[in-house]
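Undergrad: Each chain, written out:
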Amino acid sequence: MSPLPFAVALEPVTAIVAIPLASAALLALLPGYWLASRLNVLAGLATFLCALSLLAQRPRPTDLIFIDDLNVVFVVLGTFVGFTTSAFSASYIAHELKIGRLTPRYLRFYHAMYQTLMFAMNLALVANNIGLMWVAVELATLTTVAMVGIYRTHEALEAAWKYFILGSVGIALALFGTILVYMASRPVVGEGHDAMVWTTLIAKAAGFSPELLNVAFIFLMLGYGTKVGLAPLHAWLPDAHAEGPTPISAVLSGLLLNVALYAVLRFKMLLAANHTAIAPGPLMVTMGLVSVVFAAFMLYRRRDIKRFFAYSSVEHMGIITFAFGMGGGLANFAGLLHMTMHSLTKSAIFFAVGHIAQTKGTQRLAEIRGLTESRPALGWGLVLGVVAIAGLPPLGIFMSEFLIVSSTFARAPLLAIVLVLGLLVALGALMLRLSEVAFGPPTGATEPITASFVPLYTHLALVLAAGIYLPGSLVAWFRAVAQLLG
Amino acid sequence: MRGQDFDVAHMLAGGLVLVSFLLLYQDRMFALLNVFALHAVVLSASVAWQAYIQEAEHLYVPAAIALLLKAVIIPVALRRIVIKLGIHRTIEQVAGVGPTMLAGMGLVGLSMVVMLKATSPSVDALAREDLAFALSVVLLGLLMMVMRRNAVSQIVGFMSLENGLILAATGAKGMPLVVEISIAFSILVAFIVIGVFLFRIRERFDSVDVQALDAFRGERR
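Order-wise, the sequence lines are chains A and B. The opening residue of the first sequence carries number 1 in the numbering used here; numbering runs sequentially from there. The opening residue of the second sequence carries number 1 in the numbering used here; numbering runs sequentially from there.
No wet-lab data here; the hints were simulated from the structure. A portion of the hints provided could be inaccurate.
[Stated by the list, open to error] Subject to a maximum C-alpha distance of 25 Å in a straight line, what follows is the list of computed DMTMM-like cross-link-like pairs (lysine to aspartate or glutamate):
| id | chain 1 | residue 1 | chain 2 | residue 2 |
| --- | --- | --- | --- | --- |
| 1 | A | Lys204 | A | Asp68 |
| 2 | B | Lys117 | A | Glu191 |
| 3 | B | Lys117 | A | Glu211 |
| 4 | B | Lys84 | A | Glu155 |
| 5 | B | Lys173 | A | Glu211 |
| 6 | B | Lys173 | A | Asp63 |
| 7 | B | Lys173 | A | Glu191 |
| 8 | A | Lys204 | B | Asp124 |
| 9 | B | Lys173 | A | Asp194 |
Pulled out of the complex, with its shape left as it was, chain A reads as follows (with noise of 0.2 Å):
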């Protein structure tokens, strides 16, 4: 248990939780656009701060909270996606207010809402009990409900109901695989608290029930599953990315997405831990390709831009279950590598989707063109960002794909057709649209923006160096993790 409360608000691990839920709280009711902004940055970089300070000294596990290999990463990465996001956001929502499309009355609720999102992302990500993990991943499906229909659009309400009905029936049948999995770890661990707990359910999953642990993943997979974005339940997906502020598509597709994976993966590896039970990866595999395949395809009629770069998620989360599914060191390394540059990347495209939108006054593809030689630094930035999502050496997306085609071509060629033909399919489709919404004479209104290109140049160095070069310590770090996933 924890000792006394003010050495529990000195952990850095209390407070990438409890910063978000402070600054949550103090900007409901902070009004004024211009503080408001600089206390959600300001907010972010002491979350981001604070997750990196995990990194070389971990506390202890409780049993409501734990930190290990794997979910350091995905803090770590939320919570930079997460400051990044909100120092975009500054500049975008300036814009929203100056064109009347934002109220500062719905101004002070997107704040408190975007830091609530950052609050339950991160609890769902350090819960160490399976019930607090899955209440954290609600409370994250309704902060973004809320924060997709609010422009009050016909549109955008449509984007949220849909969003909050299919999240709901998926939030629904995880909750009914939690408490499968209670079921299952009750007689070995007994009743109570403990049968709930991460730490303990791992370390004694070997004597559970393989039938009622078999049904339960079924449940879990299809509800988490839901919220990743895999293809048969993908439906909400390209409405919500498309009809919420860009911030918040950013954060859909770079951080809410890889926090239902994670869950995903935490269950598969209770399932690993028991030796009785079915192999979770070729349900994975088949979901994952499905979507890759899908997705690509879907590519082609796009006609919105968000709705288009929603679909590569839906593509690229594809691709990633589909690593995990494999499994294995190389293919886990790979999968990981590739969710994190899939963050970086996307959210990168989504900040530059943001300005474009806003310039253009528009966010259809065909009415945005030439936008190398209207916007350079934007144009550019979009350029680099879709060569570098589209998988093309040498950006760090290149490498992980190569590293996931290569390891399934050795163990299952034919998996690996499927999956190198998603990849091309979709390749053309991304260059077909880039070269037609970023070269050629340009069409349309040019308003002019203040865009903030730190974001967007940061995640893109990063996602170069991470393909010219891997520090050996992330390396051996990842390589870690992915031992651990089995």
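Please build the complex by placing chain B on the supplied structure of chain A, with the hints as guidance.
TA: Below, chain B without anything else, positioned relative to chain A:
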């Protein structure tokens, strides 16, 4: 375990499945809300009975919440919304009553097969059958959400699904209270969110028919 304890728990959980079937074919708004209130009452009785036989006092809290919130407050509030929106007409259904009921029976059969196979009979007969019933209620709730186009009846479907989850959570002996309270609480939050949405939808679309929302898809040419 005494035979009577088991029988009553069994009857109440089975009753919940039965009321779920009743929900499936209600085609009038007020009738639907009344049946949902009945659903919540049966759930509350079932949870209270679990609290009694497990000697777990904390389970009376979810029972009380189910009774107060879901059997009284929410139906009354939804009734007001329905009147305000002027939709106390018939609900359109995607499929007819017959196929819907057949599909529902299939789902109950499925959940029996799955849950009874997955749990060994030696462990805990009550928990085992509770889980099977709970899964039936969850799946019937899902079916209802799929079959209905009206936003209010989708909400009712979703809440009946949540009732199934609470049945499962209380049937799992000794499951920590944290989770139960939060389930109940999240339903409240969810309701508020939906309520807000409903009002907005009414304001903007003059319809709570979700199909009408589809017309506003962002991808029209």
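Undergrad: Now look at each hint and say whether the structure bears it out.
TA: Each hint, compared with the structure:
1. For the hint pairing Lys204(A) with Asp68(A), the CA-to-CA distance comes to about 17 Å; that is within 25 Å, so the pair holds.
2. Simply put, Lys117(B) and Glu191(A) have alpha-carbon atoms about 23 Å apart, close enough for the 25 Å limit, and the pair holds.
3. Between Lys117(B) and Glu211(A), the direct Cα distance comes to roughly 8 Å. Compliance with the 25 Å bound is thereby established for this hinted pair.
4. Annotation: proposed proximity of Lys84(B) to Glu155(A) holds, straight-line Cα distance about 23 Å (limit 25 Å).
5. This hinted pair checks out: Lys173(B) and Glu211(A) have alpha carbons roughly 19 Å apart, not beyond 25 Å.
6. For the hint pairing Lys173(B) with Asp63(A), the CA-to-CA distance comes to about 20 Å; that is within 25 Å, so the pair holds.
7. Proximity of Lys173(B) to Glu191(A) is assessed by CA-CA distance (about 7 Å); at most 25 Å being required, the pair is judged to hold.
8. Annotation: proposed proximity of Lys204(A) to Asp124(B) holds, straight-line Cα distance about 20 Å (limit 25 Å).
9. With a C-alpha separation of about 13 Å, the suggested pairing of Lys173(B) with Asp194(A) holds against the 25 Å cut-off.
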